[in-house]
Amino acid sequence: SQTIHQWPATLVQPVGSPLSLECTVEGTSNPNLYWYRQAAGRGLQLLFYSVGIGQISSEVPQNLSASRPQDRQFILSSKKLLLSDSGFYLCAWSVRGVRDEAFFGQGTRLTVV
Amino acid sequence: KQEVTQIPAALSVPEGENLVLNCSFTDSAIYNLQWFRQDPGKGLTSLLLIQSSQREQTSGRLNASLDKSSGRSTLYIAASQPGDSATYLCAVRGNTPLVFGKGTRLSVIA
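Chains as they are written, first to last, in my numbering: chain A, 14 to 126; chain B, 58 to 167.
Accuracy of the hints is not assured; some may be wrong.
Once the Cα atoms are required to be at most 20 angstroms apart in a straight line, the calculated SDA-like pairs of lysine to any residue come out as [unchecked claim]:
hint, chain 1, residue 1, chain 2, residue 2
1, B, K99, A, E72
2, B, K159, A, Q119
3, B, K99, A, L59
If you want the footprint, here are the derived chain A segments under chain B, 3+ residues with CB under 8 angstroms [what the hints assert, rightly or not]:
hint, region
4, 55 to 61
5, 108 to 116
What the hints contain is simulated information worked out from the structure, not anything from laboratory work.
By construction, the Cβ of each residue, glycine as well, lies at the ideal position given by its N, Cα and C atoms.
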C-alpha cells in the first residue's frame with residue numbers, strides 16, 4: 014500500500030534561519046506531489062506542485078522554494094524565514110489518471126519566532 | 058479563478074442526529090471533488106471522491122452528492138457520533154490542483 018512520510022512534525026525556527034521540510038512517498042511511482050500551507054483561520058493554500066523530477070510549478074510568490082530530486086521525494090525550502098511563514102505545512106500526492114485522488118501527510122507545524 | 062465555499066463554518070449537534078454539510082464552487086468545469094476530514098493538529102484524511110461524471114458516492118455512514126451544473130456538493134452524515142467531531146473540508150480539482158474550502162468544524166455532543 015502507499016504511504017506518505019513527512020517530517021519533522023513540529024519545528025520552531027528563528028527569523029532569518031533556513032528551512033528544509035522533506036516529504037517522501039512509498040508504494041507508488043511517478044506521483045504528482047504537492048505542498049500546501051494552512052494558516053490559522055484560512056483555508057489550505059497551494060504553494061507548489063510537481064508532475065515529475067525537476068518539474069516544479071509555483072502558485073504563490075514568496076521566499077519559499079521546492080525541489081524534487083527523486084521521483085518520490087519533495088522538499089520545501091527557504092533561505093531566510095519570515096514571521097509570516099509560520100503555519101501548518103502539508104505534503105500530498107496523487108496518481109495521475111481519471112480518478113486522481115489526493116492523499117495527505119501528517120503535516121509539519123512551523124513556528125517562526 | 059475557482060473559489061470554494063463551505064457552509065456552515067461550524068456546527069454543533071447532539072449524538073445520533075443526521076446532518077448535512079454544504080460545499081459550493083464557482084467554476085463547474087471540474088474533474089472531481091473530494092471530501093476530507095481533519096482532526097486538530099493532524100493531516101487530512103480522504104473520505105470520499107466523486108468524479109465529475111458521478112452523482113454520488115457512499116462510504117459507511119457517509120454519503121456525498123455532486124451537482125456539477127449548479128456547483129454544489131453535500132456531505133450527509135447519518136447517525137452522528139462523538140468520534141465524528143472534526144473539521145470537514147471540501148476540495149475541487151479542475152485544470153489546477155485541488156482548491157479547498159475553509160471547512161466546517163463539526164462537534165457531536167454525547
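Run the structure past the numbered hints and jot down the numbers of the failing ones, going up. Hint 1 is the one this structure does not satisfy, whereas the remaining hints hold.
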